[in-house]
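Participant: Here are the chains, one letter per residue:
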Amino acid sequence: MDSVKISTLIALKSVIDPEVGLDVVTIGLVYAVEIAPDSITVVMTLTTPNCPMGPSILAMAKDAVEAIADGRQVEIRTVWNPPWNPAMLSQGGRERLAR
Amino acid sequence: MGSPPIQITQAPPLNAGAAPFLAKATPFWLPMRHFVAAAFSFWLFAAALAWGNERLLGFSFDASWALGLTHLLTLGWVTMTIMGALIQLMVVVHEVPFSAPGRLAWAWALLTAGTAGFVGSLWAGWDRYWIPAALAFAGVIVYLQVFVESLLKGGKLDWSGRHIALALSYLSLVILLGLMLAYDRERGLIFRDPRGVLIAHIHLALIGWVTLMIVGVSYRLVAMFSLSHIESKTPGIAALILANIGLTGLVLDCLFASRRLLPVWATILAAAYAAYAYQMNGIFRGRLRRIDPALGYTLLALFGGAVWAALGLGLSFGFVPDDTPREIAYILAALLGWVTPFILGQIHKIVPFLVWLHVFSPKNWRPPLQIPRTQDLASEKAAWWEMGFLAAAAYALIGGFLLESPGLIRLGSWSLLSCATLYAANTALTLSFLKRPWTPSKSRP
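Quick mapping for you: the protein sequence lines, in order, are chains A and B.
If you want this note's numbering, it's the 1-based position in the first sequence plus 4.
If you want this note's numbering, it's the 1-based position in the second sequence plus 83.
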């Protein structure tokens with residue numbers, strides 16, 4: 005199960021927020037990855053509920069996880085609570101944004 | 084992965100599939116046609132300014148060619164861009180789908196034809212300029228109708244939406260006074276003090292319509308683009324209250340009281356600007372992103388707004404002589420120092436976003452295929468040059484009119500033309516991705 009979780013996170017790291025220029029894991033948008041024998045559920049948020057790129061990012065995340073899901077059903081569950089805030093950005097992400 | 088969630092709440096469901104946003108987005112060319120027409124107006128204004136720079140000192144506000152030039156910038160560039168941005172903003176930020184996008188296309192056609200005809204007839208010396216002006220007026224009425232309908236449909240207005248609603252209300256007053264001024268210019272029957280009415284019209288447009296719109300949009304977009312957040316809205320609330328008191332007082336004073344209290348209103352309006360600048364300072368201090376051209380333009384605009392407010396104080400208290408060249412410097416500080424940099428900054432985000440959304444987002448994205456970031460769809464270097472030319476243009480022109488220096492005015496007008504040309508070229512570069520493929524650069528991380 006752990007290897008699937010790691011694969012899922014690696015897949016999500018290829019999903020770049022086109023406006024921010026960083027991947028969704030580095031930005032801190034992914035809150036949880038739940039693995040079950042027949043499904044993968046990604047619990048994630050967006051930088052703002054009205055993020056104009058939001059639906060596209062979620063669609064990309066679903067595509068990315070489906071590519072490694074090995075037949076499991078993939079669900080991207082969007083949540084607004086806790087709301088994303090800049091403190092959730094990883095240190096590496098902060099350094100790249102500041103460059 | 085950030086902090087573990089304390090309590091996770093399910094969000095409303097979003098549609099599945101690639102680019103579901105496109106299902107409710109307005110057609111690509113609906114906002115984009117505004118930006119293209121606006122870029123053309125901006126370039127034409129800059130070209131006309133450069134061409135006629137030797138005539139700029141010593142003209143009267145009432146000269147037809149000066150009125151044409153002013154309205155090319157205010158209607159063709161500023162209002163046209165705001166209308167395009169509002170179409171985009173209301174759908175994606177306020178989640179208000181337009182029930183009749185076709186009416187907005189009509190509004191655009193009326194505004195474009197009306198502005199072109201109005202400016203053209205003023206420049207050609209045609210005395211029936213009120214006919215195309217009425218077309219532009221009809222266009223703005225259609226926009227207002229669609230926006231107000233959509234805002235009402237969207238339910239409770241948020242912080243940004245309230246500024247937008249107020250700005251739209253002021254726009255209707257701008258139009259009303261503008262039409263009365265045009266009629267009075269020909270017949271001279273309405274106003275005993277046309278100059279006071281002109282000052283009211285100008286300030287309703289610059290502060291009530293454009294500035295309140297910019298302020299409302301900036302709270303939303305600058306915070307979003309800089310990855311910052313607003314901790315306290317108190318300075319912004321103070322700015323909104325003070326701006327409305329100052330503007331209402333100024334307009335009433337100009338219309339009915341012979342402009343006796345202008346220093347009071349100028350002080351209140353300058354205080355409103357200081358409160359807004361303090362609010363924006365908080366957003367900039369909390370940002371996580373480096374200063375890119377969009378944020379750089381915003382900083383330039385904030386500086387320009389301060390210059391505008393200072394000149395307003397100087398004129399109203401008599402520290403700066405209240406004559407035509409100094410009044411032009413004051414208006415240029417507003418239009419080229421404050422409004423234009425802010426608009427350019429936001430457009431540098433909005434146009435690449437629209438192209439990205441409509442060209443790259445629908446593709447069947449699969450890792451490890453790379454798709455462009457929005458900043459890959461324009462030239463950042465060109466944007467910095469543009470900004471440099473705009474800064475040179477604004478302050479050379481302001482200084483040129485303050486000091487009555489033809490050399491500075493020439494430098495400013497040619498710098499502005501360079502800025503407008505680069506901006507048009509950068510917009511064309513972004514739009515070229517509608518037809519050609521994007522290839523990732525080797526230097527991309």
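Any given hint might turn out to be false.
[Stated by the list, open to error] One-sided and incomplete, this derived list gives chain B residues near chain A with beta-carbon spacing under 10 Å:
no. : residue
1   : Arg370
2   : Phe443
3   : Ile454
4   : Ala465
[To be verified] Sample of chain A residues facing chain B (criterion: CB under 8 Å; computed from the structure):
no. : residue
5   : Ile20
6   : Pro22
7   : Gly25
8   : Ile39
9   : Ala40
10  : Pro41
11  : Ser43
12  : Thr52
13  : Arg76
14  : Leu93
15  : Gly96
16  : Arg98
17  : Glu99
18  : Leu101
Since the hints were made in silico from the structure, they are not lab data.
Cβ coordinates follow ideal geometry from the N, Cα and C atoms, glycine included.
Participant: Does each hint hold? Answer for all of them.
Facilitator: Now for the hints, and whether the structure bears them out:
The closest approach between the C-beta of Arg370 of chain B and any C-beta of chain A is roughly 8 Å, which is under the 10 Å cut-off, so the hint is satisfied. At its closest, the beta carbon of Phe443 of chain B sits 8 Å from a beta carbon of chain A; the interface hint therefore holds under the 10 Å criterion. This hint holds: Ile454 of chain B has a C-beta 7 Å from the nearest C-beta of chain A, less than the 10 Å allowed. At about 19 Å, the closest approach between the beta carbon of Ala465 of chain B and any beta carbon in chain A exceeds 10 Å, and the interface hint on this residue is violated.
For Ile20 of chain A, the interface hint holds, since its Cβ comes within 8 Å of a Cβ in chain B; the closest pair sits about 7 Å apart. About 5 Å separates the beta-carbon of Pro22 of chain A from the nearest beta-carbon of chain B, less than 8 Å, and the hint is met. A least Cβ separation of about 5 Å between Gly25 of chain A and chain B falls short of the 8 Å threshold, and the interface hint therefore holds. The restraint placing Ile39 of chain A at the interface with chain B is violated, with a minimum CB-CB distance near 15 Å, outside the 8 Å limit.
Checking Ala40 of chain A against chain B: minimum C-beta separation of about 17 Å lies over 8 Å; hint violated. For Pro41 of chain A, the suggested interface contact is broken, since its CB lies about 22 Å from the closest CB of chain B, more than 8 Å. Among the interface hints, the one on Ser43 of chain A is violated; its C-beta lies about 15 Å from the nearest C-beta in chain B, farther than the 8 Å criterion. The interface hint given for Thr52 of chain A is met, as the beta carbon of that residue sits about 6 Å from the closest beta carbon of chain B, less than 8 Å.
Using the Cβ-Cβ criterion of 8 Å, the hint placing Arg76 of chain A at the interface with chain B is not satisfied: the shortest such distance is roughly 16 Å. Given hint, Leu93 of chain A at the interface with chain B, holds; its Cβ is 6 Å from that chain's nearest Cβ, closer than 8 Å. The restraint placing Gly96 of chain A at the interface with chain B is violated, with a minimum CB-CB distance near 11 Å, outside the 8 Å limit. The interface hint given for Arg98 of chain A holds, since its Cβ lies 6 Å from the closest Cβ of chain B, which is under the 8 Å cut-off.
Proximity of Glu99 of chain A to chain B is violated relative to the hint, the smallest CB-CB distance being about 10 Å (cut-off 8 Å). The beta carbon of Leu101 of chain A comes within 5 Å of a beta carbon in chain B, closer than 8 Å, and the hint placing it at the interface holds.
In terms of the numbered hints stated before, the structure departs from hints 4, 8, 9, 10, 11, 13, 15 and 17, listed from lowest to highest.
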